[in-house]
Structure formats: C-alpha cells, structure tokens
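Asker: Residue strings, one per chain:
There are 2 protein chains.
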Amino acid sequence: MAHYTAPLRDMQFVLYELLDVEKEFAQIPQHAETNRELMDQVLEEGARFTTEVILPLNAVGDLNGCHLDNATHEVTTPKGFKQAYAKYVEGGWAALACDTEFGGQGLPVVLNSAVYEMLNACNQAWAMYPGLTHGAYECLQAHGLPEQRKLYLPKLTSGEWTGTMCLTESHCGTDLGMLRTKATPQADGSYKIDGNKIFISSGEHDMAENIVHLVLARLPDSPPGSKGISLFIVPKFIPNADASLGARNSVYCSGLEHKMGIHGNATAQISLDGATGWLLGQPNKGLQAMFVMMNAARLGVGMQSLGLTEAAYQQARTYAKDRIQSRSLSGPKAPDKPADPIIVHPDVRRMLLTARAWAEGARALTYFIATQIDVELGHSDEDARKDAADMVALLTPIVKAFITDNGWQATSEAMQVFGGHGFIWETGIEQYVRDARINMIYEGTNTIQSLDLLGRKVLSDNGAKLKKFGKLVQQFVEENGTDESLAEFVTPLADLGEKLTKLTMEVGMKAFQNQDEVGAAAVPYLRIAGHLVYAYLFARMAKISLAKQDSGDDFYKAKLATVRFYFSRLLPETAMLIRQARAGVAVLQQMPEELF
Amino acid sequence: MAHYTAPLRDMQFVLYELLDVEKEFAQIPQHAETNRELMDQVLEEGARFTTEVILPLNAVGDLNGCHLDNATHEVTTPKGFKQAYAKYVEGGWAALACDTEFGGQGLPVVLNSAVYEMLNACNQAWAMYPGLTHGAYECLQAHGLPEQRKLYLPKLTSGEWTGTMCLTESHCGTDLGMLRTKATPQADGSYKIDGNKIFISSGEHDMAENIVHLVLARLPDSPPGSKGISLFIVPKFIPNADASLGARNSVYCSGLEHKMGIHGNATAQISLDGATGWLLGQPNKGLQAMFVMMNAARLGVGMQSLGLTEAAYQQARTYAKDRIQSRSLSGPKAPDKPADPIIVHPDVRRMLLTARAWAEGARALTYFIATQIDVELGHSDEDARKDAADMVALLTPIVKAFITDNGWQATSEAMQVFGGHGFIWETGIEQYVRDARINMIYEGTNTIQSLDLLGRKVLSDNGAKLKKFGKLVQQFVEENGTDESLAEFVTPLADLGEKLTKLTMEVGMKAFQNQDEVGAAAVPYLRIAGHLVYAYLFARMAKISLAKQDSGDDFYKAKLATVRFYFSRLLPETAMLIRQARAGVAVLQQMPEELF
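Chains A and B are the protein sequences, given in the same order.
If you number the first sequence the way our numbering does, the last residue is 1351 and the count never jumps.
If you number the second sequence the way our numbering does, the last residue is 1351 and the count never jumps.
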C-alpha cells in the first residue's frame, strides 16, 4: 500500500536556498525570531506526524467513506479519522499559524503551508477538515467583531471546533448572485437563517465538538445579485459567552454526496431551518468578506494538488525501480535479472520526471506565495506589504488552476507507470487521480481562475501587477544573461516573458472590441503565465544548483536534471498555448447553439 | 441520468460521403450487395437496441459491479446484464460480421464497428463481453484447424458462447516472454494447462452457457522468452463433438479485481489447475497467433473511447444548454432568465467542441480503418489487399493510443462543464472518465503503441508504410492546393506532412546511434502522426461540407464549425509535440536511477 517520505531536503532547499525566508523574516517583526532550527524541527515533527498518523487512513477513508444517520443527522467519518484529529489538536498543529492573542503559535504562513503539503500528500480528504477550519479562522480574524473573535477564534485555533464555508446552492455555484438562502433579523440582534446549501466540504462530522458554519444569505430588502449577499456565523451548537456549548442550532446535514474521490471528506447537503446566525462583517458585503476565506482556500487547493503530485510520484518511482519488464532498447541493463527494471525505459522516465517536475515547480511556487503572504501580513514597510499583496493577488489563480491541472496530469502519468496494476484499487495509485480531479473544480473552477487572472488581475489594471512580476524576471535575465552556463534557462525565460507581454497587449486590444475575447483566451493564457512563473523559479533553482553541483551533494545534480527536463519537455507546451490563446473567439462562436 | 442519441447523421456522413463505402464494397465480392438501405436499417436497429436495452444498465453496472461466489467460483454480473445479453444473441447482433459458413451474416467490419461505437457509448463494461468474443472468433477463424473451427465458431457466432484472451500473469503484462503457465502434452493430443492468469476481461460470468478461453502457455522444452509461447483453447465446459456441453473444465475464477472503472465487466483472476486445452495454431507461435486477436482488440479499444467521447459530449452539451449561471461577458444573452445558459461562455464552448472534435475525428479514423480491413479481407485485387493491410498495420497503434488519450481528455473536459455537479456519481458523467482511463492501459499501454508505431511500423521498413499514407495526403494537397477556400485546411496539413517526414528522418538517424532515442521520441511522435491523420480526414470532411454548405442542411455548417475548431485549437498541439519529440533521450537519462 501507499508509502510516503516527506521531501524535507527539497522543502529546505526552497525555503532556505531559493527563498531565503530567514532574510525575509528579519523584516517581519513577528517572525524575526523564526529561524531555521525552529522550522526544521517543525518540518521533521510534521513529517513524522503526517506519515505515522494520517497516511495510514488514506486508503481506508477512500474505501469506507462517511456515513449519515438519517435519524440523528449525525455523520460518522471513516474509522480512525476522529482519533487522528484528536492527536492533531493535542499536538498543537491547528494553532501553528494562528495569532498568539488567541492561543496560536504565531508561526509563518509558509511554514504552515509546508505542513499542509505533507498532510495533503498523506490524505487530502482528512486534511480538508483542518484546512477549512483555518480558512474560517482567517475570515473571522479579518471581519469579526472583537467579541466574535474572542468567542470563536480560540476554539478554531486549538482545533476543538472546526469551520466550513456554506456558499453553493443547487442552482448556483459559480454565480452566487443567484443564491436564495434568507436571513431574517431578530430582536436580539441575531438572525434566523433559512435555506439549503450543497457541496459543503467537512460540513458535518464527528471529529470536533462544534462546527462553525460561515453561511452566505440574503437580508430582507437586499439588492438583487451579488451586491445583496451577507455573511453569517451559524454554529452547530450555540456557544455560551464562556464558549461552553449551548443549544443545538437548527443547521443539519440532510445528505452526503457520493463522489468520484475524496470519499473520506463529508461533502454535505446542509439544511438551515430557522437556524440562528450572527452577521459577520458588513450587511450586503458578504461576498467580499468570504473572499478572504476563498483566496486562502484557493491557495490551499494548490497545496492539495502539490501533495497529491508528490505522493503519486513517490509511488510510481518505487514501482518503476522494482518492477522488471522487457529489456532496454539499447541492451540489457540488469543482465542478472530476467528483465530490466522499467525505470530504464525512456518513456517511463518521462512520466516520472513529469510528475517530479510538476511537484518541484508547485513547491517552489506555493512556498513563494506563502512567504509573500507573510510579507503582506507583517512586513515593517508599507510598500513591501503592498507589493506582496499584489503578487499574491496575481499569482493566486495560477496557484489554484495551474497546479491542479498539472496535478491531474501528474497523477495520471504516475498511474500509467503501473500499467494494468495502476487501474486496481488495492495498488493505491488510482485514488490520487480521483482525489486530484476535484481540485480543478472546487473553490472556483479553473476556467473561473483564468478569467480572474486575465480579466480581473491583469487587464483591469492595465497589467500593473503583471509588470511587477515581469520586473523580477527582467532583473534575473539582466543579472544572468551573460552567463553562458545559464543560457539554456535564461534564453527561453526571456523569450517567454516577451511573448507573454505581447500576447497580453494583443488580447487586451481585442477585448476592447469584444469582451468574449477574454473568455476565449483565458485558459491558455493562465497556463502560459504559469509556465513563465515556473521557468523563472526553475531558472533560479538551476543557478543555485549549478553553483553547488560539485559540492558532493547529489541533491543539486538531481535538481538540475529535473530543471533541464522541465525546460526541454514541459515548457514547450507554451508553443501550443500561444497559438490557442491567439485563436480568438470567432471559432468558438461559429457553431450555433442549436447545432451543438 | 445518462441519455444518448446515436449520431446516425454523422455516421452516415462518414460512411457514405467521406468514405463512400458502397464504392469500396463494389470491389469486395462478399459485400457487393451491401447497400446503403441495408446499412441504414442495421444502424437504426442498432441505435434502438443499444439505447433501449444497453444504456439503462450503464450506471447500475458501475454501482453494483460483479460478484464472485468463492465456493462455486461462479460470477454474477450486474442485474439486467444477462437478460440484455440474451436479447443481443436473439437479435443476431453477435453474428453481424461473422462468416456465413458458421451462421454469421457476413456483413462488413465497418458496419460492425459502427454498432460497436453505439454499444460502447451506452455501456463499455457490457460491450466488452461480446467484444472479446468477437476477438476470439477472429483468432479461431484465422488459426483453428477445420474441426476446431467447426466446433467453436458457430457458438461464438451466435454468441451462445463467449470468449476471452488469457495473456497476463501477475509478474508479466507487457513482457509476455516471461510467462510461466505450463502446457503438458497428453496421450490423446490434448494438453494439461497449469498456471494463474490475471486481468482477464469478461473472464467469468453468468451471461453465456460456455466461455472459450484462449490461453498463452509454455510447452515443455520450449525456447525461453517470447519464442517459446503457444496458444491453447481452454473451454469452461468441454464441448462434445455436437457442441453440447460436457464436463466442467478445471479453469476457475479465483478472484475479481476492484477497479477504478468498467465495474460491470468481470476482470478475473483465472486459475488453471490441470485444465484441459487444445493447441491453437503452431507450437511456439502463440504470440503471433494471439496478435490477430490483439490487433482486433486494439481497434476495439479505440472504438471504446470513441463511444465514451461521444456519450460524454452529449451529456455535457445538454447540461450546457440547460444550466443557467452568470452573464455572458459581452452582455446578457437570455435577458428573460436570471442568468445565461452556460453554453454562451467561450470556454464552455471550447470544452464542448474539444470533446466533439475528438469524437468526430475518431469516428472518421475508426470507420476508415474498418473499411480498410474489409478491403484487406476481401478485395478482388491482391495489391489493394496488401495496401489496405499496410494501412491497417500503420494506423492500428494510432487508433488505440491517440483516440484513447483524446478520450481521457474529452471525458474530463465534458465532466468539467458540469462544475461541482460533475464530481457527483449520480450526475453520471464521472463514470465516463473512470471507464475511459483503462483504455490507455490495456491491450498494450499507449507507450507500447507508440513504440510499435515508430519502431516497428515506421522505422523498420524505412518509412514505406508511412509513405503510403503520405501519398494520400500529398494527393489531397495537390488536388486542392490551389483552391483558396480550402487553404485554411490544406496549408497546415501540407506543413505538418513535411514536418513529420523530416522528424521521422531525424529520429531514424539518431536511432542508429542509440536505440533509446526511439523510446524518447515515440509518444509525442505518435500524437503528431495522429494529428496528421486527423488533419487529413478533417480537411476532406471540410471539402465535402464546403461544397454542400448552402444545401439547406445545417449538418454541413456544424461540421465546418467543428473542423475549424480542430484546426485552430487542437492541431496547434503539434507545435509542442515536435519540440518534445526532438528533445532527445539525454535529458531523460541525466537523472541517475538512485536519485529518482
């Protein structure tokens, strides 16, 4: 069955050698004392906890799923989930990146992200219970009144309570402006909430004593559409002032979904039948408030596919070394055996290296963004905070869509390495493919991410945020353009940067004539931008590794091999994508609707 | 739940307008009287049968799967499968393309293929029971002794008995040379077979009274490796001379696999415990004999993904017209509704058109190949038969790998159209994705197909077979190169043809130095060749449709829209693939095995 070794060496390479996070932390007062020793300790403990406690529950969660008792509306999670969660809370993992004011450890977001990579690699379905909790924590932290924060945040920090985000209704997912759940004001300042939500991840379970639902609903007389939506706190048990549990609220699980993957997570239908809730943030500004949680969730989804990609890679790598089948075309490589291990075959290596490069690229990008969030939240200089916020805004849709599309490809390639055995449940690899599929859909489909990037993040400010990233690329190209040993990386990076600039202008001009040109170009555009980001990060990693390739540490040799594979076999996708992005909307609109 | 309308109009377009099969049949004595009226009747009956009888069993088969009784070794198929199979036999469907000598209807392979498209679209798992039977029929027809043919073929023709191919063992799939199952000669001319097989599709079931296993095994003193493998007929019940059932043979199902998809098909572990078998074909020539069945099966797998692609497209198309969500970026298109149907959004159209173009391309290719098989089997001219055989040999790996890779992409895009609802089992779309995944693996993984194409079919005869296909392209380009209205299709087709020729020479030269260059280039090479074939077929379809676009039949308008989409959004993949195919093996070999 599944095995996993946390890729600590590569995590440390990204944190300390690529991103030099200690230097960044020196400018962030609350993290000034977070040093490498402390981080290593957390990473090593995290590796032990996730591998020993969470990983063994991955297959059983997939096999058994969650069960709803229709009489009590209570949900039982797969065997072992609850006990593992108790250990998670006991170990203080939930509190890692929470504010010390509420009992948290106040550690950097990037360190928490690294722990989440490991959690996701071991068991995405399980990791979604604490993952959504942390999102709810952030939303309450940003928008809660002081008394709301005081009441809820310590329990979310400890993990004793978990959180959810209740947005979707059966008739509206992407278009939340159509939602119908109603909130009726009560004399005591609370609201009665009535409506039905679907697709609520971690929506009901037996792992924590209370669940804090953050629910989107309409106030009476609210404007129609997305400008009339408010956000409410709807706890499963209504807490007393001392956070002890009071009455059971009338928010119930009315059904669980049967899904392609993430069976261990309870995807709940939630009925609110006059449930008591409290307004969170401003009336009619609920969508904006929820976006705090959604942006965190989008980064979280990228981390999920990073975890699955790494885990699937590791399974395939082990199999490719062990499985003997056929001889190398260039002559036997293991003449003592009846056949060669399949890792000698070039296309098996291509599949493995594809998964590996997507994992290493995703790790570099997500840790980079997480560090930028730390800068945004706490840097001593306001301009630095603003720049970081822009970088996070720009790259969030890329983290979500590019990494999850690649994760789908990577897990499928890893499965292919197993041949027929890959299709069998007991082998343990096809679950990664099924689990990875949801990441392209939820928290805004990847099409929505691409529209967010091209429409909202790039074109709406005339490329200002994109130019900020472009400057990083330009600076690297200028600093290293004359170094012949780096030309194999710098030349295609500079070339792609120029092409993306031109493409952006071209699509922008076309969009003046017809806004649908944005929709026609957005998906390939996002992948081109994703490749630019990866090419930049891989080129930086190559520079570091070239300088240390004779250090005796084989890690740098392996890194260079992966980077070279990326540039020669994955980056060429941009040649296709640019043609697709330039193809225009006319060819998509030529077919009349009735002829589909 | 799932719906399906057999795409009869497009099937007829391909058969009668693109391929002009009646003209081909005129040169094939046994099909000289197969006219359009007869074919239309079969297609319409086939559409009715598959949609009414087979389609309703697709979801239930996925949900319930097959069950093995460990005491009796008997397998129960999902509810309704057996009854549907009885109707299939009763309707004479099994006999469609079988020889009249054995009770068949002697109709063309291409007509049978069209029926299989519909069967697969309705229920791939079910269709595999008759599908493998027909493969066994062909193998026995080609290699059986007269008395073997007389005994087995009538029962396989009627469908009263079904067939299997027993190749894989747990330690060998791709590399059958390592197989261990033993055949011991008996005094009466039969053999005792001992061994264990896995992954036997339709390996045991309750749908037919007898199962004819074709089993690969080793004779005593046979040479090691693939040159020491023989093929045996091992019936579940040993038939008497009059084909009545005799003793139960000791060939048993010892387990069923739990799989990602095709749950309705019994993927069996088969134990042969001194089972009685009879040699089929020559001793130690079993692999060659089995290749008759395998080649048929490879075309069959392409047909499976064609069916799934069409079916998934139809589900997504219906949803995209019904589901309202968000407004078009260029202004409301359904102002009377609270939101626009999602088919107005350019990227939803891209996903739909991707699936549609892959379906229409696959239909053209598979019907083309099937017609070539009819020519190969029965044309009055020997050279015509030889040319057709070369075409079938060349294109078989493309049918298998290109169509199934595209089917995986198409079903996944179709699922994405559904947003969150796509991930839910009850929606019925995610099953197509899971079912489609096996098609990239079995009957030779898609990597094996690519090695077969580039190594065995192209380089080993210095491109002779490829040149035969190239001549078709060249001829079309010469005939239509001066027609400006066709330039949008002819120019990229001619360009790709030239590039493939150059690439073939380049890889061939590199392979002289290092055979592993073939393995490094083969997968992208196959997809480039696949695109050349599709570009050729789509260009021909465009020519026909342009000539008839003012006929008042909207079919031609829709065809042109699909073809233009293919050329502008799918064909550009070749820009990536050519770079990948040229990247060479060094970048794949740079990573030492121990550093993976």
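For the record, the hints were derived by calculation from the structure and aren't laboratory data.
Hints may be right or wrong, so weigh each one.
Repeated chains share a single entry, so a pair holds when one copy, or any two copies, can fit it.
[Claimed, not checked] Within a straight-line C-alpha distance of at most 27 angstroms, the following computed DSSO-like cross-link-like pairs (lysine-lysine) qualify: (1) Lys1312 - Lys1265; (2) Lys947 - Lys1141; (3) Lys1223 - Lys1076; (4) Lys1226 - Lys1254; (5) Lys1040 - Lys1092; (6) Lys778 - Lys1141; (7) Lys905 - Lys1257.
If you're wondering where the values come from, they're calculated on a predicted model, not measured in any experiment.
Asker: Run every hint past the structure and note whether it holds.
Answerer: Consistency of the hints with the structure:
1. Lys1312 - Lys1265: The answer is between: 26 angstroms across copies meets 27 angstroms, while 45 angstroms in one copy does not.
2. Lys947 - Lys1141: Cα proximity of Lys947 and Lys1141: none, with 39 angstroms in one copy and 79 angstroms across.
3. Lys1223 - Lys1076: Neither: 44 angstroms inside a chain and 40 angstroms across chains, both beyond 27 angstroms.
4. Lys1226 - Lys1254: within (15 angstroms within a copy, 37 angstroms between copies)
5. Lys1040 - Lys1092: Between. Shortest inter-copy distance 25 angstroms satisfies the 27 angstroms Cα cut-off; intra-copy 67 angstroms does not.
6. Lys778 - Lys1141: within (18 angstroms within a copy, 72 angstroms between copies)
7. Lys905 - Lys1257: neither (50 angstroms within a copy, 71 angstroms between copies)
Violated hints, listed in ascending order, are 2, 3 and 7; each of the other numbered hints is respected by the structure.
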